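Based on the hints, put chain B in the right spot on chain A.
In order, the protein sequences belong to chains A and B.
Each number in our numbering corresponds to the 1-based position in the first sequence with 110 added.
Each number in our numbering corresponds to the 1-based position in the second sequence with 563 added.
Do not take every clue at face value.
Claimed, not checked - Estimated spans, in silico, between C-beta atoms of each pair: (1) B:ALA659 with A:ASP142: 34 to 40 angstroms; (2) A:LEU138 with B:ASP734: 45 to 51 angstroms; (3) B:ILE768 with A:ALA190: 21 to 27 angstroms; (4) A:PRO141 with B:HIS769: 42 to 48 angstroms.
What the hints assert, rightly or not - If you want a taste of the chain A side facing chain B, the calculated C-beta under 8 angstroms gives, among others: (5) VAL184; (6) LEU187; (7) THR191; (8) GLN194; (9) LEU195; (10) LYS198.
Said to hold, decoys possible - Residues from chain A that keep clear of chain B, each with C-beta distances beyond 12 angstroms, as calculated: (11) MET111; (12) LEU113; (13) LEU115; (14) LEU131; (15) ALA132; (16) LEU144; (17) LEU156; (18) GLY164; (19) PRO167; (20) ASP170.
These are computed hints drawn from the structure, not numbers from a lab.
Being a predicted model, the structure only gives us computed values, none of them experimental.
Glycine residues also receive a C-beta, built at the ideal position from the N, C-alpha and C atoms.
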Amino acid sequence: MTLALTLFTLIAISLGAIFFLAGTVGLLRFPDTLTRLHALTKADNLGLGLIVLGLLPQVDWPVGGLKLIAVWLVVLLAGATVGQLMAKAARSDAWNGSTDLEPPR
Amino acid sequence: MSAALIVDLGLTLLILGLGVWTVAARSNNGAVVGYIAYGLLVALVWVRLAAVDVALTEAAIGSGLTGLLLLGVATRLPRSARLTRPPTGLGTRLLAGFLSAAVAGGLAAVVLLLPDPAPTLAPSVAANLPATGLGNPVTGVLIAFRAIDTLLESVVLVFAIIGVWSLAPKDGWGERPGWLRPAPLGSALTLLAQLLPPIGILVGIHLFWTGATAPGGAFQGGAVLAAMWVLAMIAGLARPPAVSRRWLRLMLVAGPALFLTVGIAGIWLAGAFLAYPVAYAKPLILVIEAALTLSIAAALGLLLAGPPEHPSAAERQP
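Excised from the complex, chain B in its bound form:
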């Protein structure tokens, strides 16, 4: 038994144990904290599987951003809903457990029954990658070979923002998002929010730029940029912008709009929707990725900032 196998086995057991612990946690906050740790461990598994791109995304979005969103929801629930009394009967819960186990069993069966070697498109991606001018096959798949998926994903983020904004109370429309209550100035958080953003913005841009040749890309870079923005907002050093601002809305749709424009232009210039003229593939992809990074950063930051609220709502709530 090699050392690597022991580490992998330990990691797997830890994840399974943490999963059970998260499901069984008696408080919502506890379950969310378990979920965040679970996401970080899953990111380690992706690193062990040599899928560093997925690991970065899992750590930044799966664990960090989703964890923060869930934590916000857990603390916002009215106290009565926070008590984990079983809301349904034993039969319903048994049925839910049975269905979940069936899904898990089905997935396990599919993975175990795969022919050996498993069917893969990796050789054709490797063969066609030079045409895109990219060095990172993951970015190649995301932006060129399966561009339609990425385009739809970036549009989904805009829909998510519309969904969050539509939760605005009647007098809150057009105002600033109100979920992030800034901490008092002068705490340790203020210092962190002054020191970290210069480093974080550099790392975010680096992740976007290096995504062409190494693990990284628009989603990972955008997530880091959004984290820096949210840090400044939580520390009270920056106020979330009013949702009626035109520049904010332009920033949100810039990435998907540019992606769609280049994709439609491809019908005439390269013969297919979302195809790039080979001579300009690399610069076009970089421009699209840059706009996507900006839009993703804005969307993720605004997701955490919540729906707009009337300025007086801050005093009404505890």
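This is chain A alone, in the form it adopts within the complex:
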């Protein structure tokens, strides 16, 4: 039973790490802000979810496990909100007054 749980942890965390890697590759390779945000938020939410899922059998219940789930939920909330705000900032001209431009060469 312990072996099966350890195996589950290893697989879930590895999958999560792959999602993080995919998100990072997307952040570096995608052409514009909106697609980069898409790669970052989706992959990170899933990646962190899988890592939390993998860690659940390894922590003491109920306090440790509930803390991990709470961390994941708060990151979901923060990630989704920041993604929305950044997308809005990238699309609207109203924020141009506060963007920092590169100096002309």
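Structure of chain B alone, referenced to chain A:
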């Protein structure tokens, strides 16, 4: 080479690289964002060094609060000052670089030349900790053994607020702080500012309360509470209070004032300034920490809210 060593080495290289990137960044905003990420990485290093208290403070105040302050300054600079033309000659910059390198080299030499084992007061802290009734040695050092440092730090925060408020324009004195321009209602930020504060306030109080026995304390708890207040102000759900409000000023000085009062009372009750009578050490420390948490939260929130402005200043500025 163990896995932990590889992770530490990678973390160190990442921090050094990010430091160089931050110094070399061509725009102020870019440099500030680099600095925020740098602070979060440094917090990870503190965790690796098993100094979780310092890691929490670094993440909350070093990276989060200072980063936000710098970001506010970077966007507030007039456009002409934002262009990173070198303002000084090559000689001055070389001299500055040389002096910075000398300071870094000196620090490295001091750390490397420490005798082995390094001199430490940790055993005497561990031996005397039971007298305070605390379980967390960091809180013991902050509130009991080196209480004078913490007292002065909490007073410095009040001075910082006075400094920010003294930047008020002539017609702004006594009005509400004006740096946080609220976002339009109905955006994603509104939802976040409605959902997160109940959780954040709980976490802030928990950090203060658990500081007696585990990593946490007044500064970390206060920083989280201040973050929740600032979130509500940025989202437009709460307005910053006018700086002439008496309750606000009482809140700002409550922590340092109570700390100082208990410290002076200690001269008669326990035989020394800032000493606690042993029988009441734990409850006194908790009361002081609670008042400090409140004052720190108020001070940090007001630091970000900026100097007071006349209500019409919002229309005059873009």
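Status of the hints after comparison with the structure:
| no. | hint | verdict |
| --- | --- | --- |
| 1 | B:ALA659 with A:ASP142: 34 to 40 angstroms | 38 angstroms, holds |
| 2 | A:LEU138 with B:ASP734: 45 to 51 angstroms | 50 angstroms, holds |
| 3 | B:ILE768 with A:ALA190: 21 to 27 angstroms | 26 angstroms, holds |
| 4 | A:PRO141 with B:HIS769: 42 to 48 angstroms | 43 angstroms, holds |
| 5 | VAL184 | 7 angstroms, holds |
| 6 | LEU187 | 6 angstroms, holds |
| 7 | THR191 | 4 angstroms, holds |
| 8 | GLN194 | 4 angstroms, holds |
| 9 | LEU195 | 6 angstroms, holds |
| 10 | LYS198 | 7 angstroms, holds |
| 11 | MET111 | 26 angstroms, holds |
| 12 | LEU113 | 21 angstroms, holds |
| 13 | LEU115 | 21 angstroms, holds |
| 14 | LEU131 | 15 angstroms, holds |
| 15 | ALA132 | 20 angstroms, holds |
| 16 | LEU144 | 15 angstroms, holds |
| 17 | LEU156 | 20 angstroms, holds |
| 18 | GLY164 | 17 angstroms, holds |
| 19 | PRO167 | 21 angstroms, holds |
| 20 | ASP170 | 15 angstroms, holds |
In summary, this structure violates none of the numbered hints.
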